[in-house]
Every structure is written in structure tokens, then in C-alpha cells.
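Visitor: Sequence:
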Amino acid sequence: QSGKTEADRHSVQGLVGMTYQSDKGYSGPAAGLVFAAPVGQGCEGTMVRVVPFQQNCQAAAALLPQGSKTLQPLAGIPVVDMPTGGQAMLMPAGQGCIAISVVRAG
Numbered sequence: 587q588s589g590k591t592e593a594d595r596h597s598v599q600g601l602v603g604m605t606y607q608s609d610k611g612y613s614g615p616a617a618g619l620v621f622a623a624p625v626g627q628g629c630e631g632t633m634v635r636v637v638p639f640q641q642n643c644q645a646a647a648a649l650l651p652q653g654s655k656t657l658q659p660l661a662g663i664p665v666v667d668m669p670t671g672g673q674a675m676l677m678p679a680g681q682g683c684i685a686i687s688v689v690r691a692g
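Offset between the sequence shown (1-based) and the working numbering: plus 586.
Simulated from the structure, these hints should not be mistaken for lab results.
Treat the hints with care, since some could be wrong.
To be verified - Cβ-Cβ distance ranges computed for the label pairs, FRET-style:
no.: 1; residue 1: 644; residue 2: 609; range: 13 to 21 Å
no.: 2; residue 1: 632; residue 2: 655; range: 19 to 27 Å
no.: 3; residue 1: 627; residue 2: 678; range: 13 to 21 Å
no.: 4; residue 1: 627; residue 2: 656; range: 24 to 32 Å
What the hints assert, rightly or not - Within a straight-line C-alpha distance of at most 25 Å, the following computed SDA-like cross-link-like pairs (lysine to any residue) qualify:
no.: 5; residue 1: 655; residue 2: 635
no.: 6; residue 1: 610; residue 2: 661
no.: 7; residue 1: 610; residue 2: 592
no.: 8; residue 1: 610; residue 2: 655
no.: 9; residue 1: 655; residue 2: 645
no.: 10; residue 1: 655; residue 2: 628
no.: 11; residue 1: 655; residue 2: 623
no.: 12; residue 1: 610; residue 2: 656
no.: 13; residue 1: 655; residue 2: 641
Owing to the predicted nature of the structure, the values given are computational and were not obtained by experimental measurement.
Ideal placement from N, C-alpha and C gives every residue a C-beta, glycine not left out.
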């Protein structure tokens, strides 16, 4: 109840269903989690997007924005720094790959 009456004092989160479209011709289902919290006189937030690719991770990496750079892996999972300001992990899943990206906004 207090979140409805004192919205500027509480964080919010929500699930998002979407269609992921890359500028390299890929289109498919994706899901996301959006989290935002009040900070001073403004708001900051994070979006986590999960995209299941039918291709392996090497092929999926080719769909990331041009200028993306591979960083140190975490637990053997490749991490990519994207020129758009976010990061992504490419996690193998059977014959496919799951891309998990995180972007912050303030």
C-alpha cells in the first residue's frame, strides 16, 4: 500500500516480454526484468534482458553490436562489453545460446 501513496520512496520492478531485433537481421522472443529506484531528485534503473538464440554462442556473438569487446569470462561464461554501455554474458544451452544483457540508466 505505501508504494502507491509514497512512490518516490520505494523501488519498482517488472517483468517484460518482448521481441529482440538486432540490426543484423535476427528477430526472436526475449524476456526482461526492469528495476528502478528513486535517487535524490531523480531515478536510476537497470534492465536485464534474456534472449535465447537457436544458434551457438559463437554465432550469437556475431549478432552483438559492432564494437563489442570480450572481457574476462565469469565461471567460464564469456562476458562482452557493448558500445551501447551495457554488458552481456553468452551462456551455452544445448545447441543454442542464451544472451543475458544488463544495461543501467540514471
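Visitor: Identify every previously stated hint that the structure contradicts and give their numbers, smallest first.
Guide: When the structure is compared with the hints, numbers 3, 4, 6, 7, 10, 11 turn out to be violated.
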